[in-house]
Structures are given as C-alpha cells and as structure tokens.
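Position chain C against the provided structure of chain U, taking the given hints into account.
Here the protein sequences line up with chains U and C, keeping their order.
Numbers 1 to 244, taken from the UniProt record's numbering, label the letters of the first sequence in order.
Numbers 1 to 123, taken from the UniProt record's numbering, label the letters of the second sequence in order.
Keep in mind that a hint or two might mislead.
Unchecked claim - Only some residues are given here: those of chain C computed to face chain U with a beta carbon under 10 Å:
1. Val38
2. Trp39
3. Asp55
4. Leu98
Please keep in mind that the hints were generated in silico from the structure rather than gathered at the bench.
The structure displayed is predicted, hence computed values, not measured ones.
Idealized CB from N, CA, C, for every residue including glycine.
Letter by letter, the chains look like this.
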Amino acid sequence: MSEVGLNDIWVYLAASPLLWLAMTLICYLVADRLYRLGGGNPLLNPVAIAVGLLILILVITDTPYGVYFDGAQFVHFLLGPATVSLAIPLYRQRARLAALAVPIGLALFAGVLTASVSAVALAAWLGADIATQISLAPKSVTAPVAMGISEKLGGIPSLTAVLVVTTGIVGAVFGTTLLRLLRIRDDAVKGVAMGVSAHGIGTARAFQVSQTMGAFSGLAMALSAFLTAALLPTILSWLGLIGT
Amino acid sequence: MLEALTLILVCQLIGETLVLLTGLPIPGPVLGMLLLLVWLFLRGGISESLGRTADSLLAHFSLLFVPAGVGVMLHWERIQGQWLALAVALVLGTLITLAVTALTMVGVQGAIKILRGRGGPHE
Numbered sequence: 001m002s003e004v005g006l007n008d009i010w011v012y013l014a015a016s017p018l019l020w021l022a023m024t025l026i027c028y029l030v031a032d033r034l035y036r037l038g039g040g041n042p043l044l045n046p047v048a049i050a051v052g053l054l055i056l057i058l059v060i061t062d063t064p065y066g067v068y069f070d071g072a073q074f075v076h077f078l079l080g081p082a083t084v085s086l087a088i089p090l091y092r093q094r095a096r097l098a099a100l101a102v103p104i105g106l107a108l109f110a111g112v113l114t115a116s117v118s119a120v121a122l123a124a125w126l127g128a129d130i131a132t133q134i135s136l137a138p139k140s141v142t143a144p145v146a147m148g149i150s151e152k153l154g155g156i157p158s159l160t161a162v163l164v165v166t167t168g169i170v171g172a173v174f175g176t177t178l179l180r181l182l183r184i185r186d187d188a189v190k191g192v193a194m195g196v197s198a199h200g201i202g203t204a205r206a207f208q209v210s211q212t213m214g215a216f217s218g219l220a221m222a223l224s225a226f227l228t229a230a231l232l233p234t235i236l237s238w239l240g241l242i243g244t
Numbered sequence: 001m002l003e004a005l006t007l008i009l010v011c012q013l014i015g016e017t018l019v020l021l022t023g024l025p026i027p028g029p030v031l032g033m034l035l036l037l038v039w040l041f042l043r044g045g046i047s048e049s050l051g052r053t054a055d056s057l058l059a060h061f062s063l064l065f066v067p068a069g070v071g072v073m074l075h076w077e078r079i080q081g082q083w084l085a086l087a088v089a090l091v092l093g094t095l096i097t098l099a100v101t102a103l104t105m106v107g108v109q110g111a112i113k114i115l116r117g118r119g120g121p122h123e
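Chain U extracted, bound-state conformation (with noise of 0.2 Å):
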C-alpha cells in the first residue's frame, strides 16, 4: 500500500478548494485564448465557453456543484468589491454624465422596465411558474444585485445567477449587430442599451468596440442595479408576482 496511485490522487485533490479554483481559471483562460484567435467573434463569448468546458468535466468526473463551488467561491467573491469597484469608472465619467444626463435617466428608467417586464409577460405567456418569472426579472442586471434582489423577492438566487449569466452572453453576442441594424451610431448611445440589457458581460463585449462605449456601458450597468433594485418589488407587485 506504500505506493500512490493516480486514484489517491484524485481523492486528495478533489477534497481541497485548489483544484476547482485552478480549473476555473484554466478553463477561462482557454475559453479567452480562444475567443482572441476567433478574431473577437461574439459567438466565441468566453463566459460561455468557459462554463461548458467546466461542466463537461464535472460531468465527467462526476463531481457535485457543491464540491465544485467550495473552490470556485473565491472567484464568485470577488463579484462584491467589483461591483462596489464600479464606483471608479461612475466617477472618471461625471462630466459627461452630468452632460447627458436627462436622455440616459429617461433610457434607463425605459431599459429597466422593459427588461423586467419584457422577461416575465414571456415567461408568463409560455407557461413558467412563479418562482421561474421572479427569478428571470432581475435577469439584466449584474449577478450579485440580481440574486440579492431575487431573493427578497422570493425567486432562486442561483437560477437567478444561471439567468443573469445567460442574459449577458445573449446581449454580448448580438448586440453589436441589433445596435447596427437599428443604425445606431453613437458609442454613448450603444454602451448605455448594452450595460443596462446585458449588465458586464455586455460590458466587456463593449470595451472591445471602444472606450467610450465601455465607459457608458459600465456606466449604465452600475445606475440600472440601483434602479432595478429600488423599482423592482413595484413592478412585481403591479404584475401581480407578489403582494405589497
């Protein structure tokens, strides 16, 4: 019994919290590698790609999410202090904030009810039940907002996650090009419809067109979750999802 076998291995690895962190990272940084030799191509979206490899090889190894998360939460942590991050880049952008300040507020106030009401009226209409309608409300706004606000509210925190997740890589994909076939051009214009339909996922995909879209988007993003989370128990008690 002296010698170690590849099993023994495993068994010690796959207790301690370094293996699934190092995988998350190594499935990412493929999943980014990839998407940069694709030459940027949305339809590459790293986040995607990133999570299939990960699941396919829990799948294969037959490991439960909760082993997988033990490691990974370190990753998902660092959701907090980014979001409190965004302060930063709000900030740099005051002046031109200030300077657009009425068409971004009435474009948000327009993107977050549209995007909350949007999701569940589909949703409803096609049959998913409750908890599924109030866990895809918050779908456009960045995860750590969106599943503390499904939870008040009721909904899965960690579908939620999956729905946020999901909503960025939609937008981050065919933004772009629903942007240029509405003909917009204005890269203030596009980052704000891009940070508040798709949070920052849509973000990123928006700093790889330009600063100033990156900028506007991250801008949104940050003002739509405050929105979001100040009006969204009213939208939901209006479409009757829960009681006031």
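Relative to chain U, chain C alone:
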C-alpha cells in the same frame, strides 16, 4: 493596493450592514458602490492605487460570472421543463430591452435638440 482593497471591502461591509439594519430592498454591494462614490466626491478624486485596484478587479469582470454560470447544473430539471419560456424570455427580452433603451436615448436626445433649437432665439 492594500489600502485601496481595504477601502473597497469596508464600503461593501458598511453597505451590507446598513441593508441588514434597515431592510432596504437594495443589495449590500450596490449600497457599498454608492458609499464609495460619495466618498470620492467628498475627497475630490481617485487615488492612483484605488484606480489601479478597481481597474484590475474590473479587467476580468466576466471571469467572476463563471462560477455562477456553472450553477446551471443545479437547475437541469426546471430548465428542461420550461426551456421554451426561458429561452424566449432571455433572447427576445434582452433584444427588446437593447432596442427600447437605445431608441429611447436617441429619441430623447433628438427631442432635446428640437426644444433647444426652438427655445434658443427667444432666450
């Protein structure tokens, strides 16, 4: 770096605590962001290390969504049962939101321009 990271974490901590104490419907990190923003306005600027720390946290913002995204594993059954509703709500809902937001902003900018053009000579 360490001071900047501490400042960010303290803002989040105060945010989370205030949310717990007051029952505000806003998540802790969002309140933390607002507190940091107020602090920046009071201080009148961003220190170099705070700027660098925030930039490095935000540089790989999309990586931070990966662990939550893998959580799709937990919801296979719900997703299989309601996949059509979820897919339509996610794809169509997001495209509608993009269009409404962009067109609202363009429309309001246009309206402001017309109003200014009209009001201009009389002022």
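| message | Hint compliance check: list the failing hint numbers for this structure, sorted ascending. | response | Those not satisfied: there are none.
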